[in-house]
Every structure is written in structure tokens, then in C-alpha cells.
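> Model the full assembly from the supplied sequences, consistent with the hints where possible.
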Amino acid sequence: MCGFAGFTNPTSERYAEHFLKNMLYPIEHRGPDSNSTFINEKIAIGHYRLSIIDLEGGRQPRIDKDYGSYLVFNGEIYGYKKHAKLLTDNGIFLKDKSDTEVLFQLLKIYGVEKTLKTIDGMFSFVYFEPKSDTLWLARDPMGEKPLYYSLQNNKTYFASELSSLVNSSTNTKLKIDESSLLSYLHLDYVPNENTILSNIKKVLPGQFIKIKKGELSKFFYFKMNYNNKTNIERTNAINQLDNLLENSVKERMVADVPLGIFLSGGIDSSLIAYYAKKNKKNIKSFTIKMSN
0 MCGFAGFTNP TSERYAEHFL KNMLYPIEHR GPDSNSTFIN EKIAIGHYRL SIIDLEGGRQ
60 PRIDKDYGSY LVFNGEIYGY KKHAKLLTDN GIFLKDKSDT EVLFQLLKIY GVEKTLKTID
120 GMFSFVYFEP KSDTLWLARD PMGEKPLYYS LQNNKTYFAS ELSSLVNSST NTKLKIDESS
180 LLSYLHLDYV PNENTILSNI KKVLPGQFIK IKKGELSKFF YFKMNYNNKT NIERTNAINQ
240 LDNLLENSVK ERMVADVPLG IFLSGGIDSS LIAYYAKKNK KNIKSFTIKM SN
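Start counting the sequence shown at 0; every next residue gets the next number (numbering that gives the first Met the number 0).
Some hints here could point you the wrong way.
[Stated by the list, open to error] Cβ-Cβ distance ranges computed for the label pairs, FRET-style: (1) Leu-244 - Tyr-220: 18 to 28 Å; (2) Gly-90 - Gly-265: 43 to 53 Å; (3) Glu-112 - Pro-190: 17 to 27 Å; (4) Asp-119 - Ser-268: 20 to 30 Å; (5) Ser-178 - Thr-117: 30 to 40 Å; (6) Leu-49 - Asn-21: 14 to 24 Å.
[Unchecked claim] Straight-line alpha carbon distances no greater than 25 Å define the calculated BS3-like cross-link-like pairs of lysine-lysine that follow: (7) Lys-116 - Lys-209; (8) Lys-276 - Lys-249; (9) Lys-209 - Lys-64; (10) Lys-41 - Lys-107; (11) Lys-130 - Lys-94; (12) Lys-288 - Lys-276; (13) Lys-217 - Lys-154; (14) Lys-84 - Lys-279; (15) Lys-107 - Lys-211; (16) Lys-113 - Lys-84; (17) Lys-222 - Lys-113; (18) Lys-41 - Lys-201.
The set of hints was computed from the structure by calculation and includes no laboratory data. Don't be surprised by glycine CBs; every beta carbon is placed ideally from N, CA and C.
Here it is, written out as C-alpha cells:
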């Protein structure tokens, strides 16, 4: 788990530094291993990192001043090594062995939409191209990693947690969204792009948002299809499910730190433990028991 926050069009470096610090404070728990910020006249961004892959590399924000692009990223790109190989085979230099660098290069070469249709993973990211004054916000297909944003006073604010936007000076303009509050009381969550605050929205699962010169456009690069029905024999269905689960768990076990499994006693964690052990024999598991 990592976290990031930032905004566009800082009015001054001194103001931006103070403002960004306020935004980052609520999410410092998301990244105990390193943190960094970058500020210029176009954008102010900061990142807290929990190191999982390439402990020495992978630092953020990722910046290419010559090309004109900036990236902050939270999550993991599954199977990123195959993308890294394709990039290096085509003469692209990778500055480190992280999935962050792979994502950064893919975005520069293929653009946001094509990259999103190519990669798999759990992620949210913000990608900025100052030459075209275009900001991109994107979230993984299942919405595992959060991303919030707010448009105010010719600026776009964004963060991994709602608390970052609340903790900034924009809180003078925050207002409870009554319909969202009602939804929360009925459903225990706020549906769609809304949040409990009227001027803060969330990027939806499988969505990317393009903000070019202040104009906002929304696109879905992924939508779940619930209508497909397949006639398949029971044995084939079992084999397919077995392969899907094994490959899915295997892809999520790429790490440069020790791995572990939380066992709840249910079928989900038991299956994960079973497939994880097939790929890594010595893996620790953890169970928590409450005294009452």
C-alpha cells in the first residue's frame, strides 16, 4: 500500500509546499519506507511508499523533464516483467527494475488508454503531461485502489484518500452531500462517483479521467460483462477455475520482501493458502483470535 496526493497550477512554491504537506499528512501511514515531493509552476505532487518490488528503485514521483511527463502510482502491475522485456527488446532503457518504471515508460510510449487496456493489476495513478496541459487519473478495473479528486478555482486536487482533500485548505468549501449521506445510512457505503462531500468525487473502477486545460472528460476502459453464458462440462469448468485461481495467486506473489497469508478459517483464505504454497513452499500464515 502506497499513497499520493497533489494538485495542479500552484500559485507559488511556498504556498504549494505548505499546502502539499497538509494533504500528505493524513496518508503518511500508507508508506513507511520512503516519501518524496515535487513542485513546479504546473503541478505539486507527493508520494509515500511501501516498498514491495525493487526496494532500492521504484521511488516516486516519477519524472521525465525532457519528455515532459510526471507520474504518481499506487498499487502493483501484475506480470510487469513481460512488459519490461518487451520494452528493453525494443531499445527502451529502464532506470530500475520496478513496475513503476515499466508503467511510466508504457504511458509515455502508448498513452493512457492503450496502456490501461494492456496492463493488469490493482492500481490507481495520476499522470501529467505539462506540454499539452493534460492530467490523467485512472483506477484499476475492480477498484481495489482508491482515487479521489476535486476541481476548484482552476485547480485539480487529487489523493489516495478522502482525508487528504479534507485536510487541505479546501475544507472551507466542503459541504455534506445529503443524498450521499442518505445512501450511506441505507447501504453502508456511497455508490457511484459520489462521496459524502458534494465537491469531492471518486474515480470509478475501470475508469480514467482526462482533464485538459480545465475541461473534464470521463471514459471507461473496462466494464464487466454479466450477460455471457457458456455451455461447459463440469470437469472442464473445474479445470479452468483451478488454472485461473493458480495463475491469479501466482501473479500476486511477485515481491522482494517476505510474503504471508492471513487465514480466516473460510474458503477464500484457505484456497489462497493452497495455491500460494504450490508456488512457494515455505510461506508463513497468520491467524488472529479475539479473547471474547
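> Each of the hints needs a verdict: does it hold here or not?
Outcome of the hint check:
no.	hint	result
1	Leu-244 - Tyr-220: 18 to 28 Å	25 Å, holds
2	Gly-90 - Gly-265: 43 to 53 Å	48 Å, holds
3	Glu-112 - Pro-190: 17 to 27 Å	25 Å, holds
4	Asp-119 - Ser-268: 20 to 30 Å	22 Å, holds
5	Ser-178 - Thr-117: 30 to 40 Å	37 Å, holds
6	Leu-49 - Asn-21: 14 to 24 Å	21 Å, holds
7	Lys-116 - Lys-209	16 Å, holds
8	Lys-276 - Lys-249	10 Å, holds
9	Lys-209 - Lys-64	21 Å, holds
10	Lys-41 - Lys-107	18 Å, holds
11	Lys-130 - Lys-94	23 Å, holds
12	Lys-288 - Lys-276	23 Å, holds
13	Lys-217 - Lys-154	17 Å, holds
14	Lys-84 - Lys-279	24 Å, holds
15	Lys-107 - Lys-211	17 Å, holds
16	Lys-113 - Lys-84	18 Å, holds
17	Lys-222 - Lys-113	15 Å, holds
18	Lys-41 - Lys-201	23 Å, holds
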